[in-house]
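Residue numbers (this note's numbering), protein chains in the order written: chain Y, 1 to 500; chain R, 1 to 491; chain E, 1 to 635; chain A, 1 to 102; chain V, 1 to 207.
No lab work stands behind these hints, which were simulated from the structure alone.
As the structure is a prediction and not an experimental result, all values here were calculated from the model.
There may be inaccurate statements among the hints.
The list that follows gives simulated cross-link-like pairs (lysine to aspartate or glutamate, EDC-like), each with its CA atoms no further than 20 Å apart [said to hold, decoys possible]:
1. E:Lys29 <-> E:Asp108
2. A:Lys101 <-> R:Asp360
3. R:Lys144 <-> A:Glu7
4. E:Lys371 <-> E:Asp357
5. A:Lys101 <-> R:Asp97
6. Y:Lys440 <-> Y:Glu354
7. A:Lys101 <-> R:Glu362
8. R:Lys144 <-> R:Asp291
9. Y:Lys440 <-> E:Glu159
10. Y:Lys440 <-> Y:Asp300
11. E:Lys28 <-> Y:Asp448
12. V:Lys171 <-> R:Asp146
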Amino acid sequence: MDSIPILSIVLWLPLIAAVIVLFLRERRAMFAVAMAGSALSLILSVAVWAGFSPGDGMQFRESFDWLPALGIQYALGVDGISLLMVLLNTFLFFLCIVYAWASVHDRVKEYLFTMLLLEVGITGVFLALDFVLFYVFWEIMLIPMYVLIGVWGGERRVYATVKFVLYTLFGSLLMLVAILALYFVYGNTTGVYTFDILELTQGTYGERFQLWAFLAFFLAFAIKVPMVPFHTWLPDAHVEAPTTGSVILAGILLKMGGYGFIRFSLPLFPDASQAAQTIILVLSVIAILYGAMVALMQTDLKKLIAYSSVSHMGFVTLGIFSFTQQGLDGAMMQMFSHGLVTGALFLCVGQLYERTHDRRIANLGGLAHRLPIFAALFLFFSLASIGLPGLSGFVGEFMVLLGAFVADIRIFGVLAVFGIILSAAYMLWMYWRVMLGSLKEVHRRLEDLTRLETAILAAMALVTLWAGIQPQVFIGIFTADTSGIVQALTATEVSSALIK
Amino acid sequence: METQDLISILPEIILTVIAASVLMVDAFGGQRTHRSLMGLVVGGSVIAILVSVVARVDATSAFGGMVLTDGFAVFFKVLFIAIAALSIVLAFAQSKDVPFAELSALILFATVGMLLLGATGDLILLYLGVELTSIPVYVLVAIKRDRFRATEGALKYFLLGAFASGLLLYGIAWLFGLTGTTNLADMALYVQSQDASSPWFLLGLGLLLVGLAFKVAAVPFHMWTPDAYQGAPTPSTAFLAAGAKMGAMAGLLRVVVHGLEPWQDMVLPIIIAVAVASMIVGNFVAIWQRDVKRLLAYSSIAHTGYMLIGVAVVHTQSEAGGLARDAVAAVMFYAAVYALMTLGAFAVTFAVERRTGGTDMENFQNLGRTSPLLAAAMVIFMISLTGIPPAAGFFGKLYLLQVAVNGGLTWVAVVLVLTSTVSAYYYLRVVVNMYMVEGQPRLLPVPSSTAISAVVAIGIIGTLVLGIYPTGAIEWAQSALEEVGKLALTR
Amino acid sequence: MVQVAWLIPALPLIAFAINGALGRTYLKKRTGIIANAGVLGALVVSVLLFVAQLDHAEPETVSLWTWAVSGDFALDIVLRVDALTLVMLLVVTSVSFMVHVYSIGYMDNDPGFWRFFTYLPLFVFAMIMLVMANNLLVLFVFWEAVGLCSYLLIGFWFERQSASAAAVKAFLTNRIGDVGFLIGLLLIWHVFGTLNYDEIFSLAPVVEAARPGILTLICLMLFVGAMGKSAQFPLHVWLPDAMEGPTPVSALIHAATMVTAGVYMVARFNPLYVLSSTAMTVVALVGAFTALFAATIGLTQNDIKRVLAYSTVSQLGLMFMALGVGAFTAAIFHLATHAFFKGLLFLGSGSVIHGTDEEQDMQRMGGLFGKMPVTGATYIIGGLALSGIIPLAGFWSKDELLGATLLSGDLGYLLFVLGALASLLTAVYTFRMIFLTFFGKTRMAAERFSHVHESPRVMTVPLIVLAVGAVGAGFVGVPPEHGLIHNYLHDTFLAAEFAGLVHVPSTVFVLALMAVSTVIALLGILVAYGIFMRRSPAPESVAGLAPPLHALLVNKYYLDDFYDAVLAGGTRTAGGLFAWFDLNIVDGVVNLIGLVVRGVGGGLRRMQTGRLENYAFSVALGTALVLAFYIMMAR
Amino acid sequence: MIIPALEYYLVLGAALFIIGLLGVLVRRNLLIVFMSIELILLGANVTFVGFAVALNNMLGQAFVIFSLTVAAAEAAVGLAIIVALSRHRDTLNVDEIDTLKG
Amino acid sequence: MNSETLLSLIFAYLALACVAFAVLVIMLRNPVQCALALVGVVFHLAGIFILLRAEFLAAAHIIIYAGAIIVLFLFTMMLLNLGVVERARQFHVQAPLAIVVGAILFLEFVVLTGATITVGAQGAHSPAWVAGQGGNVQALGQVLFRDYLLPFEIASVLLTAAVVGAIVLAKQKPRRPRSSSQMGVGEWMAERYEKAKTREQDPAEPR
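Take these sequences, add in the hints, and give me the full structure.
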């Protein structure tokens, strides 16, 4: 296994498929290639999972000099944290491309090319072990997403997509400056100039520098997550994005922020993280409650789910900044679950929209009569979204709360718990108004889900259920790695205490 | 004069000869010779490039230190000759409307000036290089005489350019008088041995900087840029942005690196101020532009600002060694990248102009469907100009940011990233118009031009190659500077 | 033997899975059989286990799989089998089974038949897991799952807006309770570092010693959960509305099983509760108050199922009252007997509704006894049991419960009075219901009355079986304090004994209390007879004695309106405000930044006048500034 | 040795420079603006020659030759542009030539 | 009166005349007069060059400036319509502001005069050396064609480019039947007059 650059294959396969797609003419052939590419990528990432030994740090590493002149390497590797994200990523992309077979008919070639490119970018973010490489992927993914929303989106797509790009770019460019500063600060203290993430993570940095760099990283990640008050791009982007765009956006893009916090912010800037803890916790709790409150009053289905994302991602940051094993694991699980569940919800809304051509809640109602299968699956994911125990959503939220209680930040935990009530309120209220009650005349002729659509949702449902019943299967992947991060954090706490 | 000296300016001689022969061939060859003229130019350029790389002399300078023969010069020679050739190829597409032979000759003359700017070790050569670059370009802007806007742009450019070169000349006069030399290195050595803080020195220095800042179109000396860019025929604009301006940038680098070392405390704040102003004004005003050429003009002002950061860093101190060298290399790399992507962008704009009769945003509408390849190319150029990977613009910016942070100019780096966020807005607006707006500009029955396609293709290849694997170019830029044995770079 | 315990939840789960997957397309009506089989299987295994465990009631566990390990948090999915579990299992599975059988008849014509028989076993599964949980998390998981099932079943007829509304209300109200529960759970984790029952129980005294007061907080938080699930004031509002569901569901969820989860939980955590007298007092007071409060509302309701619903709330209140005074066994005993007679009453009213073509308003019934004798007879048995007439099941348990309350000290007197009053009212409204429904002259239209018919065998047989239960179930608690159930549960509630909460009454006391109970019950029946059969005084005139009071009762103390206006309305208003804030302020700032950038750009753009002289001016000014800077630097 | 002192020549150069600069800024007529630029060049030339003599360095004088060349070249091109422009628009006023702006 | 004083007086006259003519250049209304004033500047400047013993440059200035450049100006003025120009407002609206900036620059120079000018390193071309070469012209030739041959050649390229450029701008486009260079001046003026009368806007230039 050592000799095969399996991660590179996982990473670049979609690009190869994308390039091939460019040269094809027939829709069927294009989809065949695209599906094959993403499916292989999925299978190989599962293979990586199979060959992965939890707790052994970075594995399947590859590296060679890319830009020695600037100290930049092409370095890939996975640990548990990234592996879970990669799995989620390849899984969702495969499903999205399959889904597109039924739903995308306009500019198919461009669509598939964009999607596959997006997959490369996102996978790369999770695999990169070099800061610049990481950043390259972090930004590469912007453009396909921009195109995806801008070309296949709704009426206000241009506004939404430009807002998305500018917002994200704003944060990430500041991060770039911080990365460069990191490079020099580390180099000046150790004499080794490198962008190697693992090596830079080993370094210790002065408090002032930590604060500034943390701030820059924080902006990038907070916008991505998105944390209140940096979240307003999200509803717009979601509403205007095409279905698959929303799925990817909610499913994976947001996770890049959480991933960034775990992978970079905590290990690199432990002191600054601790200094910022309270603020971030406050923001997280605000996100949870505020997002839910705003979601409650949304009239557009997608917007509602978008705001629910804000609320749910609040748990992620809450968990991460509880600085506890449980909190971090909970955040990871919450990200994984949110990716599945909210992705699925957006798929559901997309399917609904394709049938009714309407997303305004007030115009729907009683659809369960005509769409029983859909109703069941939609309910399933709605329940998963509100954190019903036994489904994946609960695991993350619960463990985050556990972490909050362990970390003696109980007040935030208690407040966050109330988000659970609100999430149930807006989700069930929405479900009631959309699916229950009496059917509207215009919707008399709706068709239930096709087999393909059912299969896609069912696949997601199965994983959701699996993660809810046996979360250990997933937690086991990364818990060793998160514990390393927590230990490092608490270690610095001790040391800084000693200094005082 | 020795053979060495002649060899050192062989590329310039070749270009002059080509220019002359182009004029001759045109004068005696009748009307149908444009294609062969282009062949002559391209072939000659290739030879000139080869000669600049191969025919190197052992000494680091020629003509008594007036002409420098180091790797820096070679780097820019190759770049400038390539830009000139591409611009001429681009102009070929409008050979029916303009006197192609004269245009080619003028471009080549200007290129000679650019090459001299890249190789100058003396203020005389700097002055002449600036003028030799400018005067043909005034004409290039006005070359479509029957268009009022072209002449208007040319007039503004000309009068302001003459004004600025007057300032430059006056400044040089003072520097000469106070040091007794015009050789940059001698000047620096003399000043270092004397008291350099006399305000009279600064008078000369300030005017010199102003003159050069005008030529690179930095705020507040930038005002001619949008008008000249918009008024000029698009191929001329392309050459103006990618060529003339980069020539001035090379000259500025020479001056800063070789001559201004003793005044670093004086140079630094001015360049930083100008850089910041350029980034802000260029990017902010570009938001409002509806004409793509004008938009690119403002963007070029902003890019000047980016590059000036690198220029500023040359004189900063850092714990990491070799900073000055890195800073210059960053500017060199960025110049190459910028030249490629901006040439490409103008080439696409030119193609659109030919097809739709204008360069307004509306003329780009629906390009994604009517001409997918062109549109895709434009997307890549826009991405590159924004500085998003995997296009070359990203590494250009990364390198600049890196030296800026290394040089302690982190706040300037922050300004750079913030303003380039703004830039994303207007670059992406072009993309929006191509793909996301339902509109259909009237298409003219114009056959597609192979010449334009070739330039676009080269731009794309260059942008992507430099974006994905820029190692070669960056290492070339860095190694080119190893031979530059001057004060600034040995720190 | 205990190793087969996993079959108990597994069988209903399998039934659910089969019905869910195949019910709509293939099984259709056959789903009923599968569901019945599943639940019957669970019942059989439960009984077998009960018999096998009859002698030693030591807790035993069955490990299934690891749920999650994260740092020092590790949790396995483990089934627990002990005395309390088994008692609950028996009650749950047997009543559930009866409901299942009954439902085959009741739901016969419903198009959602398969769906119904998918939800039912799921619910049973959840309830079984709830009682078999060995740690707090699993308990919580199924605590919520039960809530979900109630959501599904209450909203079963989803085309009705009221049903959907009731379902959402039930879920949300439960969630509010669950939040309390969850906080309690997290506190337990925080304080104890474990979620396993046995470890918590064994650590409880240590914790109380180390951090006095924390246990009270935990117990209260857990009790909030119990209030939600067991419909205690002020979280009781969902239960009456939940009658929107099909009647068997009401019987299953809202009489016998789900609502008892709270009682079960508090009983389960008796080792914690006994350490906190404050918590106990709160539990008792809330219970007693709820008992009386709900009973008063029950007096004025006209919907046959709603009366039963308030009755359930009231009875649950009595159970909590018992729990609060440490009479855990009595509470569980009452829970068990209540399950039978309340199940019976619900199914009976279902039968009435079924027989009268969906009539639920008692004011439009009357005289049905003749038309539906089996239903009527069993209903009266249930009513008597509920009222607490010797020797029916309700009597024994209620009597014991009241006795324990009386003995528990000063507060006990107050509680006893409240409980006794509630008992009195219980008898009144129960027999008001029976009289209005089955006796007197019918108030139905003749046409409809003629169509009234007895329910089919598949429905009446469960009624009869449950009636037998309602009669006989009480005997497990006879003689008082030393019955089968007392012995069986003795070890489980040992903690109460250690805490000195158990007072053994004298025989005289027991007998006297029995007499008092009976008198109270009979008095109630008599009052009901007087008012609703003899109409002397007539109900209207009784109501006219204090019109505001009557209005208060009819409108359920306006609590629902209050919640609608303040909680739901408030939340929505706040949500609207937040949404406005988000759109205009938060996003407004973002857009404002864009506007500012554009504005600055526009301003700068104006400097580009197109005029040469301005351009030259700019150059000159720049030059002047540069030189000025230099001159200043040189000085 | 030069008579009078170098400073006088420099002052003359500066005066021409500033007058030329002012002319560029205030005049509307294109041609006069252009002439003002020539004044700036003349100012530079005086400065050059003054320094050249003071320093005994012929370079200064040589530079003036180049400056003259440039001036001539600029005049040729610049006047050609002005002529070309005036074919479109009947004005020599710089503030009336403003179609390109913003 | 010694020679030094005399020379100073001559210098004073020449310098003052230079400045006066320069002021006239930027003040006079009529461009032709301005051009003549410029000639005045150049002539007096030539005198100053002679004072400085830069005889060749003096001659070159007169020949190139007065003989070529200013003639070019005058010729251009002849081509263009002067009447309109003369009547028009002569100064910009921004003139006051511009004068302020000019004043600032002037003040800067004034401030600078507070500092002494320390001239740079002495060169090798002492008057003795110049005399040895046979005078200013020979000396300049020596320097120009030996040390600064390259710039000189470049200047020639520059001039070539300028010539080409000027021709390009003056030459009529190939597709037109007759170029303006073939057109008689009178004919061309008539055409321009027509154009001016109709005051037609360039149709390709929408405002």
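A quick look at each hint next to the structure:
Proximity of Lys29 of chain E to Asp108 of chain E is assessed by CA-CA distance (about 8 Å); at most 20 Å being required, the pair is judged to hold. For the suggested pair Lys101 of chain A and Asp360 of chain R, the alpha carbons sit about 15 Å apart, so the restraint of at most 20 Å is met. Between Lys144 of chain R and Glu7 of chain A the alpha-carbon distance is near 48 Å, which puts this suggested pair outside the 20 Å criterion. For the hint pairing Lys371 of chain E with Asp357 of chain E, the CA-to-CA distance comes to about 13 Å; that is within 20 Å, so the pair holds.
For the hint linking Lys101 of chain A to Asp97 of chain R, the alpha-carbon distance of about 25 Å lies beyond 20 Å, and the restraint is violated. Between Lys440 of chain Y and Glu354 of chain Y, the direct Cα distance comes to roughly 16 Å. Compliance with the 20 Å bound is thereby established for this hinted pair. Among the hinted pairs, Lys101 of chain A with Glu362 of chain R is consistent with the structure: their alpha-carbon atoms are about 19 Å apart, no more than 20 Å. Straight-line distance between C-alpha atoms of Lys144 of chain R and Asp291 of chain R comes to about 19 Å, which keeps the hinted pair within the 20 Å bound.
Straight-line distance between C-alpha atoms of Lys440 of chain Y and Glu159 of chain E comes to about 11 Å, which keeps the hinted pair within the 20 Å bound. Taken as a hint, the Lys440 of chain Y and Asp300 of chain Y pair is honoured in the structure, with Cα atoms around 18 Å apart against an allowance of 20 Å. For the proposed pair Lys28 of chain E and Asp448 of chain Y, the alpha carbon gap of about 19 Å is at most 20 Å, so the pair holds. At roughly 11 Å between alpha-carbon atoms, Lys171 of chain V and Asp146 of chain R fall within 20 Å of each other, so this suggested pair holds.
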